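Chemist: Residue numbers (the numbering used here), protein chains in the order written: chain A, 1 to 425; chain B, 426 to 849.
Rather than coming from a laboratory, the hints here were simulated on the basis of the structure.
Just so you know, not all the hints are guaranteed correct.
Claimed, not checked - Distance condition first, Cα-Cα at most 25 Å in a straight line; then the derived SDA-like pairs of lysine to any residue:
1) A/Lys80 <-> B/Arg506
2) A/Lys80 <-> B/Lys771
3) A/Lys80 <-> B/Gly482
4) A/Lys80 <-> B/Arg507
5) A/Lys80 <-> B/Ser760
6) B/Lys771 <-> A/Pro268
7) A/Lys180 <-> A/Gly218
Since this is a predicted model, take the numbers as computed values, not measurements.
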Amino acid sequence: MSFVSYAMILAGGLGSRLCLLSEKRAKPAVPFGGKYRIIDFTLSNCVNSGIFDIGILTQYRPLSLRDHIGIGRPWDLDRKRGGVELLQPFQAWDETDWYRGTADAVLQNWHRVTEREAEHVLVLSGDHVYRMDYRPMIEAHLTRGADATVGVTEVPREQANQFGVVETDDEGWIRGFLEKPANPPSGRISMGIYVFRTAALLAALKAESGRDSAHDFGKNILPAMVEQGRVLAFSEKRYWQDIGTLDSYYQANLDLVRPDPPFPLEDPHWPIYTPSSEYPPARIGMRGRVQSTIVNEGTIVNGTVIRSVLFPGAVVEEGAQVRDSIIMDGCWIGRGAQLDRVILDKRVHVGRGARVGYGEDFRPNRDCPEHLSSGITIIGKETRIREGVAIGRNCRVAPDLVEEDFPGVEMPSGEVLEREAPAER
Amino acid sequence: MSVIPPILTLVLAGGRSDALHALGRVRTASALPYGGKYRVIDFTLSNCMHSGLTQIGILTQYAPLSLHSHIGIGRAWDMDRREGGLRLLQPYVRQRETNWYRGTADALVQNWNVIQDAQARHILVLSGDLIYKMDYGDLIRHHEEKNAALTIVTAPAPATERQRYGYVTVEAGDRVGTLQEKPERPGGGTVSAAIYVFRARELMARLQRPDLGPDIVRDVIQAMIRDGERVFAYPVRGYWRDIGTIDSYYESTMDLVQPVPPLNLYDPDWLIYTPAEDRSPAVLGAGADVTMSLISHGARVEGTVRNSVLFSGVHVGRGAVVENSIVMQDTRIHSGAHVRSAIVDKNVVIGAGAQLGDGSGAPNVEFPRDLGAGLCVVGKGSEIPEGARVGRNTLIEIGVKAADFPGTEIPAGAVLRPRVWTGT
Chain A
1 MSFVSYAMIL AGGLGSRLCL LSEKRAKPAV PFGGKYRIID FTLSNCVNSG IFDIGILTQY
61 RPLSLRDHIG IGRPWDLDRK RGGVELLQPF QAWDETDWYR GTADAVLQNW HRVTEREAEH
121 VLVLSGDHVY RMDYRPMIEA HLTRGADATV GVTEVPREQA NQFGVVETDD EGWIRGFLEK
181 PANPPSGRIS MGIYVFRTAA LLAALKAESG RDSAHDFGKN ILPAMVEQGR VLAFSEKRYW
241 QDIGTLDSYY QANLDLVRPD PPFPLEDPHW PIYTPSSEYP PARIGMRGRV QSTIVNEGTI
301 VNGTVIRSVL FPGAVVEEGA QVRDSIIMDG CWIGRGAQLD RVILDKRVHV GRGARVGYGE
361 DFRPNRDCPE HLSSGITIIG KETRIREGVA IGRNCRVAPD LVEEDFPGVE MPSGEVLERE
421 APAER
Chain B
426 MSVIPPILTL VLAGGRSDAL HALGRVRTAS ALPYGGKYRV IDFTLSNCMH SGLTQIGILT
486 QYAPLSLHSH IGIGRAWDMD RREGGLRLLQ PYVRQRETNW YRGTADALVQ NWNVIQDAQA
546 RHILVLSGDL IYKMDYGDLI RHHEEKNAAL TIVTAPAPAT ERQRYGYVTV EAGDRVGTLQ
606 EKPERPGGGT VSAAIYVFRA RELMARLQRP DLGPDIVRDV IQAMIRDGER VFAYPVRGYW
666 RDIGTIDSYY ESTMDLVQPV PPLNLYDPDW LIYTPAEDRS PAVLGAGADV TMSLISHGAR
726 VEGTVRNSVL FSGVHVGRGA VVENSIVMQD TRIHSGAHVR SAIVDKNVVI GAGAQLGDGS
786 GAPNVEFPRD LGAGLCVVGK GSEIPEGARV GRNTLIEIGV KAADFPGTEI PAGAVLRPRV
846 WTGT
């Protein structure tokens, strides 16, 4: 069997619906599940599927992702042949530009495909949480002689308008591809996982390289290839979660601490790899009470933590209470503080007795009601929350604030706290 | 990082620790799992790393495989270097006169070429089986200031198992008067911490003597003191423990789960490094009741855990209770089982409802000295059958299977061995 040995992972998107979390990092670099970044799932799927030659297409704020991936060591991708490289837009002699879309990103890096003389390429997304062996899909692609094969899963029909909806015939060939339709005919959607015959992909990319194209796989490339008639659907039944919105991010994390998690992180046959922290084991103190919670190395808990995800180095002091929350690396939660449905980005410092996510007022956020209305309050990286302050629900607090930036003792639900003159960095 | 003259560091990690019984049979004491994610030698290697020492030889002999795979190329300690770095020194066959290391001094003699090639000004000789944090730069500076031929690091004499140590008398100006190894009637308040710095010239001269005996303490160090060479003492600051026995290993681990541990593993300026394992985070379930314990990644707790250290991948089932215990990698404690005051090695299965560490405290019938304080030791890969009751001071050897149990009641102080030797 001729095999597919090169994968391109799309990791350049803005991810504006993830609010503060993706303000300073690309979406695939958003921390997830206590110790991972979202891209770890796709990268680990690649290496567990025997694919060790990977290009990651980055554009928006790639530094965090670059630091995370490094030379690819945790995934065994520091290799003499193959390995992982980050493909950031660059200036060349002739006409060059930023990536105009996912398809353009692949086309601009086409030399990477040519060099490998790869007959087929895998194109993946860096912002999905799932486990998948790509080999059966590749095998179906090859044996059926498809131009393209699309990984397909089912979501509730009312959610399908967020995705590319596929219609297939009896033999599994895709006959219709609708990107984010207003009225989805079904819940069968594209997972954004593709295997392409190289020549067919190049033809489609070139055909869609004009000014009027959106240069997007879902909007342009797939519909055009479906017209040609040889695009196969490959059904995947296992857990798959697109981390598109703050709500889906929150829910996917909290799903991990359910009694029977739909996606257990522990699976010795399909490990998810990530760079390890160098902390000692988690320490639960004399007055610690931790239930239905993910804990990581370097966390120290002396308070109560229920249904939450604690990243490495998070400290919960005595008498503090954390419920239904996501607490990222190096956060410190002071004595007697209370957190409910809160996402703390890295190294947030919650002063003693502060209450975050409090009260019964669930009014949506005034700036972004469409993303922040389910009661989650989010605090940006390295902000220091003043002692005793009360912050309501659906609130957004900017990163890097200090105690003095909090105007009063109370911040009502739905409010936004920014620095006086936001510095563009 | 401290600035120090050219130093060769030799870590002695080849010893066989009979007093550790099942824990020490499959591995040398330096490779003993410690503190939820470490091996004992990680402390020495991390100290080297933080002290800026980069030329390190690790002398191994007894059951070194576990240690070798742990250390690898030394990446965890940044010791995979173009120049220097870390080497494992196992005895090897020569054209003339091949032998195992007959003792610590003989191990150095057999590695004469390593010592010679290093062209070091001082040679630091360390033990891989000690738990402590120490900046060797300070030690070496003290050694140079005293213009010493040898500096012996000293520690306050431990209160228990006093006959295991070497007692040092320190005279005016930190000069060492005597060193008495493992005396029958231990006296004095200062012991040797088994950490030595030699001026290379003097050590090499000793090693070249044709009448040299095999032991570094008796045949090199005590000889140097006796001959009036400049031997000085340097007191260790803070926590220092030798974990060569079951009780001392247990007590040192339990120090980590005191409300204020005497050994701080969380100091960001002096972290202890160890090779990372790719495990998922720990999950404490809805029924978890965990207090005063260390929990490592990949652990899954549905029951009660108190004053205990759980290594990676340990599962504690619903209604199970783990108290005052050390549970090593990937051991499964099934629902309703009770584990009290036990050291449970890797890959052990404790069946549902089994009770470990129950009842009276009669000392072990075969090893009353090593197993008399009430601890149960369960060797690697053993199985405790469902509903079994195992008394205190019992030793369940490596690879004991459920079928090896003579009944469900194992009285205090018993020793259980596998009927079929499993080759470990």
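Chemist: Compare the structure with each hint and give your call.
Modeler: Now the hints, each set against the structure:
For the hint pairing A/Lys80 with B/Arg506, the CA-to-CA distance comes to about 19 Å; that is within 25 Å, so the pair holds. For a cut-off of 25 Å, the pair hint linking A/Lys80 to B/Lys771 is broken: about 35 Å separates their Cα positions. Among the hinted pairs, A/Lys80 with B/Gly482 is inconsistent with the structure: their alpha-carbon atoms are about 29 Å apart, more than 25 Å. Distance restraint check for A/Lys80 and B/Arg507: the Cα-Cα separation of roughly 18 Å lies within the 25 Å cut-off, and the hinted pair is therefore satisfied.
A C-alpha spacing of about 48 Å is found between A/Lys80 and B/Ser760, which places the hinted pair above 25 Å, so the restraint is violated. Proposed proximity of B/Lys771 and A/Pro268 is supported: the alpha carbons are some 16 Å apart, at most 25 Å. Restraint check: the Cα-Cα separation between A/Lys180 and A/Gly218 comes to about 9 Å, which is no more than 25 Å; the hinted pair holds.
Of the numbered hints listed earlier, those contradicted by the structure are 2, 3 and 5.
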